[in-house]
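*Asks:* Protein chains in written order, with the numbering used here: chain A, 1457 to 1636; chain B, 1336 to 1524.
No lab work stands behind these hints, which were simulated from the structure alone. Among the clues, some could well be false.
[Stated by the list, open to error] According to the in silico footprint, chain A covers these stretches of chain B (three or more CB under 8 Å from chain A):
| # | region |
| --- | --- |
| 1 | 1355 to 1362 |
| 2 | 1393 to 1399 |
| 3 | 1404 to 1411 |
| 4 | 1448 to 1462 |
| 5 | 1466 to 1472 |
[As the list claims (entries may be wrong)] Label pairs and their computed distance ranges (CB to CB):
| # | chain 1 | residue 1 | chain 2 | residue 2 | range |
| --- | --- | --- | --- | --- | --- |
| 6 | B | G1415 | A | K1617 | 36 to 42 Å |
| 7 | A | L1465 | B | P1523 | 49 to 55 Å |
| 8 | A | Q1565 | B | F1449 | 53 to 59 Å |
| 9 | A | V1604 | B | P1523 | 48 to 54 Å |
| 10 | B | L1377 | A | R1570 | 20 to 26 Å |
| 11 | A | P1532 | B | Y1516 | 47 to 53 Å |
| 12 | B | I1436 | A | G1629 | 19 to 25 Å |
| 13 | B | K1497 | A | S1598 | 41 to 47 Å |
| 14 | A | P1532 | B | I1481 | 44 to 50 Å |
| 15 | A | W1569 | B | W1480 | 20 to 26 Å |
| 16 | A | G1556 | B | F1444 | 40 to 46 Å |
| 17 | B | I1436 | A | S1598 | 25 to 31 Å |
| 18 | B | D1475 | A | V1600 | 27 to 33 Å |
A virtual CB, placed ideally from N, CA and C, is assigned to each residue, including glycine.
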Amino acid sequence: MSGSAQTLLHLLWVFSQLSVLGFGGGKGIIPQMHADAVSRYHWVTSEQFTQFYTLGKLVPGPTTIFAALVGYAATPQRPYLGAAVATLGMFVPSSAIMVGFDVLWTRFQDSPWRAILSHGLAPAIVGLVWSSVWTIARGAPSSVVAYVVTAVVTLLMLRTKVSAPLLILLAGGVGVVALR
Amino acid sequence: MSADGALEAPRPSLFSIALAFAAISSTAFGGGQKASIRQQVLSRGWMDTERFMDGLEIAQVLPGPNILNLAIYCGQRVRGIPGAIAAFLGASVPPFAIVLIAGALYFKFSSNPFVHGALRGCAAGALGLTIGNALELSWDERSDWIRIALLAVTALTVTYLKMPLLLVLIVFGGLGIAHEYRRWRKAPK
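Start from the sequences and build out the full structure, keeping to the hints where you can.
*Replies:* Below you can see the structure in the form of structure tokens.
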């Protein structure tokens, strides 16, 4: 099997697993995605991973669409194919579960298990989000200016209604001037 | 078609379903998307508020992006599985195309020092958003120290011991569910 075909299979396998395990809107999968895409398969560097994640937050639609960029980088000979395979892996399995579960969920309409499952999973998901902070920080710039930008964006996000993409763009504006 | 929950009158074409979600997925960001979907679906009379809120709950619990799951739920309610597929395509194809354009530009220009600086700034900003998100989510857990402990142990184990996601969900997700179950059994009914 050619290296490229093997990479495509790995992409499909890695992102399908992340798709199925992406509880809580996929917020918790970032550390595992980094472990696979950076440490295990070396498809991207930590810095690229963080920047792709950033682009995922910057464009409309789900953040995890940045899987497409990991696929793009992983298959330099056929970037669009790699992007498509990674995206299919990321979105199709969870969507199939959604379609299949719909009927089941209606049947358990008044079951206490609905709330027990969703509330019960939350602490683990939030813990994974904290770990994602560390994952993303590994590829973010480390300088006083960068730390200040991060702190200010955190505050603005919590205290104002400025939208997420606008905050990222403002941070980018600071970067053009001070983080070259 | 899955008639339950859909209002009687409208039976939108698959194309109009795909188009409705494509319009939302190519323009709306983050939490704004849920509001856009709600507004579209209710104003078109595809379902009532109660059905929509049901869908939102399922979409948030099951794996996958909330927006995509919600779109699939709505498509499935009005036109069955073909409707779900139309909604899936509408909700995923435009973001895919847009992120590819962003990616192509990235690989072309990221070595330019100004673009590189902008990207680094954007990354610092995205890190701030992630921290803000983590703080908000943690604040919701503040009333129960067991949940806070579970959250902290999960974060540390994943960060420092690199525990695989599947194991995290089984162990810490399982403990959280067991804790929640115990609380539910003890609660006066």
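*Asks:* A separate judgement is required for each hint: does it hold in the structure or not?
*Replies:* Here's how the hints hold up against the structure:
1. Residues of the region 1355 to 1362 of chain B with a Cβ under 8 Å from some Cβ of chain A number 3, which satisfies the need for three, so the listed coverage holds.
2. Coverage of the region 1393 to 1399 of chain B by chain A holds in this model, with 7 residues showing a Cβ closer than 8 Å to a Cβ of that chain against a need of three.
3. Only residues whose C-beta sits within less than 8 Å of a C-beta in chain A count toward coverage, and the region 1404 to 1411 of chain B has 4 of them, enough to reach three; the restraint holds.
4. By the rule of at least three residues with a Cβ nearer than 8 Å to a Cβ of chain A, the coverage given for the region 1448 to 1462 of chain B holds, with 14 such residues.
5. Evaluation of the coverage hint for the region 1466 to 1472 of chain B: fulfilled, as 7 residues show C-beta separations to chain A shorter than 8 Å, against a requirement of three.
6. Under the hint 36 to 42 Å, the C-beta atoms of G1415/B and K1617/A, about 38 Å apart, fit the expected range.
7. Separation of L1465/A from P1523/B is about 54 Å and conforms to the stated range, judged on CB atoms against 49 to 55 Å.
8. Remark: the range hint 53 to 59 Å for Q1565/A to F1449/B is upheld by a beta-carbon distance near 55 Å.
9. A hinted range of 48 to 54 Å for the beta carbons of V1604/A and P1523/B is consistent with their spacing of about 50 Å.
10. Checked against the hint of 20 to 26 Å, the C-beta distance between L1377/B and R1570/A comes to roughly 23 Å, which is consistent with it.
11. One distance hint, 47 to 53 Å for the beta-carbon pair P1532/A and Y1516/B, holds here, with the actual separation near 49 Å.
12. Distance hint check for I1436/B and G1629/A: the Cβ-Cβ separation is about 21 Å, which falls inside the suggested range of 19 to 25 Å.
13. A C-beta distance of roughly 21 Å is found between K1497/B and S1598/A, which places it outside the suggested range of 41 to 47 Å.
14. With their beta carbons about 48 Å apart, P1532/A and I1481/B fall inside the hinted range of 44 to 50 Å.
15. Between W1569/A and W1480/B the beta carbon distance is about 24 Å. The supplied range of 20 to 26 Å therefore holds.
16. Restraint check, G1556/A to F1444/B: a C-beta distance of roughly 42 Å satisfies the suggested window 40 to 46 Å.
17. Between I1436/B and S1598/A the beta carbons are some 30 Å apart, a value that agrees with the proposed interval 25 to 31 Å.
18. With their beta carbons about 32 Å apart, D1475/B and V1600/A fall inside the hinted range of 27 to 33 Å.
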